[in-house]
Amino acid sequence: MADILCVIEQRGGAVRKGANELLTAARQLADQLGGRVDALVCGVGSVNGIDALGAAGADRVLTASHDAFAQYAPEAIVATVQSVAGQYAAVLLAATATGKDLAPRLAAAIDAPCGMDVTAVTAVNGAVRVVRPVYAGKAIQTLEFSGTAVVAVRPGAYPAAASGKAGAVESVAVPAFTPRLTVTGIAAPEKATLDVAEARVVVAGGRGLGEPQHFGLLEALAAAFGGEAAVGASRAVVDAGWIEHGAQVGQTGKTVAPELYIAVGVSGAIQHLAGMRTARTIVAINRDKDAPIFKVADYGIVGDLFEVVPALTAAVKAAKGQ
Amino acid sequence: MKIAICLRRVPDTTAKIAIASNGTSIDETGVKFVPNPYDEYALEAGIALRDAAGAGETVVIAFGGDAVQETMRTALAMGVDRGVHLQGTPSADGLANARVLADHLRDGGYDLILFGKVAVDDYGQQTGAMVAELLGRPCATAITALVVEGGTAKVTREVEGGVESAHCALPAVFTCDKGLNTPRLPGLKGIMAAKKKPLDIVPTTAGDSRVTIVSLALPPERQAGRIVGEGAAAVPALMAALTTEAKVL
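Order-wise, the sequence lines are chains B and F.
Residues in the first sequence are numbered consecutively from 1, following this note's numbering.
Residues in the second sequence are numbered consecutively from 1, following this note's numbering.
Keep in mind the hints are simulated off the structure, nothing from the lab.
Glycine included, each C-beta is placed from N, C-alpha and C at the ideal position.
Certain hints may be false.
[Claimed, not checked] Think about it this way: if two alpha-carbon atoms lie no more than 27 Å apart in a straight line, the pair counts; the simulated DSSO-like pairs of lysine-lysine are:
1) Lys317/B with Lys32/F
2) Lys195/F with Lys289/B
3) Lys320/B with Lys247/F
4) Lys154/F with Lys254/B
5) Lys154/F with Lys32/F
[As the list claims (entries may be wrong)] Reference excerpt, derived from the structure (chain F facing chain B, CB under 10 Å, subset only):
6) Thr29
7) Gly30
8) Phe33
9) Ala140
10) Ala142
11) Val159
12) Leu185
13) Lys189
14) Thr204
15) Val211
16) Val235
17) Glu245
The following block holds chain B by itself, in its conformation from the complex:
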């Protein structure tokens, strides 16, 4: 049992981005264990993108076709994985909304321990070991599993790699299953905004903005980055109803690790810091020079955000040649 199974997400007949990162994690783990990487894709008929999975690290691509896979169909995926899971040392999924939904169901179905939202997965003396943030990143936990483990790997934790070889494609049957939850579809949000957890740049606002409409300043700054920035928020302003809860960064919101995090009018409560401390570079703009946010920021500007943010927006636009 040295082989790794990767459950690859697809939506609307195409492999979701993130598959290559997951295969990088699987490849490294399989190489440590001396095993093979199999990528399982559950879809309707052929799925776009499976040709590239071999180059991304899969030795074999297993395709399971069923009409149920037109939407997310957890029971059908669980039944399919269960039919092949016995031969693997670990089953890897991406810790996306779907992966986090699926991983524990799978673990319970195949009677395996489960590690969620892991940032590193390795083998130590043949046992699968994972590293994962707990307390929203206030602490780092290392777990070791005995037997087959189900592991959900945090998006962005591994780089996408290419080995340059093609994986063999084989089909696997979808066993009989009992659908219990019927997914009817996915509605796109009214505003097509980038998720804070997926953005390269996050511009976050706190109570210092004063009023909800002042988030417009942050949207303008985010827009200046040209489609790679998202607007985030502290808990206080989400609870006040200034911005939707999906934007919240922190212990009861999202944990983010962007390349650049610009905290505007954010004081830096411990719960907020927990959610953004793994950003590569942190910029703080705050009127209060004693705000805790300056203790974690790489660069700070003390000043009135209503003057600083528009100036920064103009500077970023100029730098981007807009």
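Since chain B is already given, all that's left is putting chain F on it; use the hints.
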């Protein structure tokens, strides 16, 4: 409508985390404990559905040591009818804990079993979905809307790039996300009433663990950077730092 809400006791989110001398858990000295914030959405949903139905029962269930009873009293003060304390020591293996809960819930006749989407301590995010699988019940995780009509539940949940809609027959298991509702605060009357509400104690043992906590450590401290200046005049200095030092532009 009979509704179970599973509750976890967690350190307050404002708590500063220190590692205990065993190197695998936190030092609880001086740490305040609260109901898991996401479980409060589950509690609110359960209480509101019972009230809307005009009949039925809500039961708060928690697996843990005796300290969890204090946390359960908060749920009772919010308006939950009674509590069941599954008394024992939770495992590092989430599946072992899910089995304890599933074994208790299996024959309870619950129409709905609600969880928070994640406990803000171990960030396990697995118990609810595992319990559903062990019971063979429909399940949706991290729901942001829940409508129960007759024997059916309609839910929505946020996924990357949109909002997923789904429906299922009851009985079902859901885990609750922020946005589902606004949890009520326990009032003085509720706090007084909670003291008299039944809280049954059921001694329990989790099965063998296949998960070992190897270590728990604090993340590396971030070094404070520097204030590049004051007001809009500091923007050029910031841009220079982001371009040449940090190389993020």
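Against the structure, the hints come out as follows:
no., hint, verdict
1, Lys317/B with Lys32/F, "46 Å, violated"
2, Lys195/F with Lys289/B, "47 Å, violated"
3, Lys320/B with Lys247/F, "14 Å, holds"
4, Lys154/F with Lys254/B, "25 Å, holds"
5, Lys154/F with Lys32/F, "36 Å, violated"
6, Thr29, "16 Å, violated"
7, Gly30, "14 Å, violated"
8, Phe33, "13 Å, violated"
9, Ala140, "6 Å, holds"
10, Ala142, "7 Å, holds"
11, Val159, "4 Å, holds"
12, Leu185, "13 Å, violated"
13, Lys189, "25 Å, violated"
14, Thr204, "18 Å, violated"
15, Val211, "5 Å, holds"
16, Val235, "4 Å, holds"
17, Glu245, "8 Å, holds"
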